[in-house]
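2 protein chains.
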Amino acid sequence: MQEIRAVDTYLRSNANRFVAELQEFLRIPSVSAQPVHKPDIRKAAEFVRAQCKQAGMSAKLVPTAGNPIVYAEWTKAKNAPTVLVYGHYDVQPPDPLDQWETPPFEPTIRKGRLYARGATDDKGQMLTHIKSVEAWMKTAGSLPVNVKFVIEGEEEVGSNNLDLFLKEHKAKLKCDVAVISDTAQFGPGVPAITYGLRGIIAVEITLKGPRQDLHSGVFGGSVANPANAAAKLIAALHDDAGRVHIPGFYDDVIPLTAAERAEFAKLPFKEAPYLKSLGVAKPHGESGFSTLERRWARPTCDVNGMISGYTGVGPKTIIPAQSTIKLTCRLVPNQNPKRVVDSLRKFAQQQLLPGIRMEFQDFHGAPAVVCDLNSPYMQAAREAVAAGFGTPPVMIREGGSIPVVGSFKQILGVDTLLLGWGQNSDNLHSPNESFRLEDFHGGIKASAHLWGELAAR
Amino acid sequence: MQEIRAVDTYLRSNANRFVAELQEFLRIPSVSAQPVHKPDIRKAAEFVRAQCKQAGMSAKLVPTAGNPIVYAEWTKAKNAPTVLVYGHYDVQPPDPLDQWETPPFEPTIRKGRLYARGATDDKGQMLTHIKSVEAWMKTAGSLPVNVKFVIEGEEEVGSNNLDLFLKEHKAKLKCDVAVISDTAQFGPGVPAITYGLRGIIAVEITLKGPRQDLHSGVFGGSVANPANAAAKLIAALHDDAGRVHIPGFYDDVIPLTAAERAEFAKLPFKEAPYLKSLGVAKPHGESGFSTLERRWARPTCDVNGMISGYTGVGPKTIIPAQSTIKLTCRLVPNQNPKRVVDSLRKFAQQQLLPGIRMEFQDFHGAPAVVCDLNSPYMQAAREAVAAGFGTPPVMIREGGSIPVVGSFKQILGVDTLLLGWGQNSDNLHSPNESFRLEDFHGGIKASAHLWGELAAR
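Line by line, the protein sequences give chains D and X.
Numbers 4 to 460, taken from our numbering, label the letters of the first sequence in order.
Numbers 4 to 460, taken from our numbering, label the letters of the second sequence in order.
Think of the hints as simulated: they come from the structure by calculation, not from any bench.
Yeah, the Cβ is synthetic: ideal placement off N, Cα and C, and Gly gets one too.
Accuracy of the hints is not assured; some may be wrong.
[Claimed, not checked] Some but not every residue of chain X turned toward chain D, in silico, with C-beta under 7 Å:
hint: 1; residue: Gln-215
hint: 2; residue: Asp-216
hint: 3; residue: Gly-223
hint: 4; residue: Gly-224
hint: 5; residue: Val-226
hint: 6; residue: Ala-284
hint: 7; residue: Arg-298
hint: 8; residue: Arg-301
hint: 9; residue: Asn-307
hint: 10; residue: Gly-312
hint: 11; residue: Gly-317
hint: 12; residue: Ile-322
hint: 13; residue: Gly-358
hint: 14; residue: Leu-431
hint: 15; residue: His-432
Chain D with its partners taken away, still in its complex shape (with noise of 0.2 Å):
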């Protein structure tokens, strides 16, 4: 209890400080998606390496066929649990930029947000437990507990040389129970613990039709149109119900227990304020399920982009030669992400018109998982979350995709915490990203406070 209250005390003083090198961190372009960026990638693991240091960690970058993983740890802890931390230091791609308010990669505070790329996913999150590790070795001399961190760089663009590390050292990254910060809150006031993720497969269809563009008027009703191909395979994915309609996809899905319906319905969501914040004026999804439901614990089928033909000013009366379109599913538990892609393969290629090609490419794919809600650590967590925002969390499930959780049961035998220090409105993967700065805080503390609970079970 001394301990802890000295490390609240570090937290407190020191907590400018925090924030700066938060902005230091986030002025590093770290684009996974974009080559040019290349040398960003390498400045920003450096980053990540030297506050691992800072914080009292011996630590280092592995190389990989991809972006470094910076690897750090302190295992002076007898007797105690080993924590592995998980989190990433690369970033999406900013676009489209002219709908920021201050560039992407300046990070602005206004009102008690800090606005940058990467600011809450996940940059800000993840920092968060070095600082915390950092706060116990300055004041205590050590920690409660062993910790190993692993911070890639290639969490946006499909984590393809994680697991290969996770494999190979897998007897270095022997741990108890793995944490990840990189989901959200369930709102403001509200902390949250994730206990379920969906999965995710990405693919990019090209539909190739004439050789090039061709005149629309002179050739006209001869040939099909690749971009009117294009549509008609997307517009088949969906039945009017907002089903998806591969065939098959839902074959393996496991329903919600009633128990999770009646938690999930109890919980402080309101839909106007929630579309409001999102622009729209009506809900659309699947038929059947509450739109938390729909969110959390549904699968579906989006298209993230789309192009073909002239996109430029006026019109331009052409056939074009190709379109492509950037999809992906997200999963929840049981289905298989290789048999998903497989599925939607078959089923696109049955939709294409007369003389259209397609090529398919699968980009990657990650199952849901769904953790249990009554282990120790689980436990532990729940009494540091309280600890960090001053209210005990709510358990939630979350729409987006952790790979990785995935991999750490499957590589390493571990279950993970998901402990979200984020919100929904934080923008992340949108313009005007941002990170609440009391949030940045509370999950320091929170961080602190786990290493000794985890110690105490």
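We have chain D; now place chain X onto it with these hints.
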């Protein structure tokens, strides 16, 4: 007869210079859709004026609310018909640039073809009539008919200011018949006169969903996706038989006569090499009609371009905030463009998913036209084309749209002779647009003979 022989000799002697002057014309990137090319538009208009003066006509630039119209005339032929020649000096955007073998505005001759944006559409074809005037003036010192040239700079963006020009100068433009060379021969060695054109409507539809791009995991399943919504709208435009599904779309269509269908069937059209030239394995379109019938005399509905969400490298897991579709319908005789646009707007509105808002922009429209096959002007044109190309023309329709033909009929009360010197293989509106030099020279000769033939009737 004496006079036309001297003209023919002049054309042979000056053939190389004519090509050089066309190349100079094609070096001017007069792209009307892109505001950045405004100075080039002016430059191209000045070039046309200089050509007309060099040919012996008076010529001036007439300002409009948009790009200037070049007006030139020679009207000293007593008791002779007056011919209005229409053409355009603006060109389509050259995109996609990376598919050009040589740059679009660096005219290059390869194997008897002159490659450049605008080579056939319409700079090369239009110039033939100025050169034929020059030949008469430099040899006979006069023309056997009166000529009035109207060369505009907004054909590729809807000719928005032409009708007002025609109305304001109706008296000045009084004529007996109009001539336009902006269509194609039936094929190499098979010259043609086009007696029918399809009409057009062009619109841009923007579908708006959430205020900004959303994370597809966190929010997916709760709101309609504007890209999926666009696909639903586009897909709904056709039924499974390839017919346009907009209510009432075919109500006003005048069916092809049995005689026309028989004539079309006799033309030397082979589907296999046609498809091969386009790089397409199978034809596609409205069932129950031949490929020529579908191209020339059946209405269509094609996406010309669409864009939504993230279209860069790799995946980005978002629900896009909006999607944009550029769409054209080709119309056939008796379809009313305004009525079609209204039906399309209403139909599109009905396809919207909940929470999606539509913006609908109507670019421009023009009805289809069919010309009198038996007028004296048509007889003169048949003789002239036969003289220019060495073989009598076939009578065809064309799938493209030349809205001004309808305006000439409506405002000036005259029919139009559509004398196309180009080929369908000229790649108009596509990368590597070209014009066969023999078609350029054949066109000049046919035009020179047309002045004589028209005077003789």
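Exercise for the section: Of all the hints given earlier, name the ones this structure violates by number, lowest first. Expected result: none
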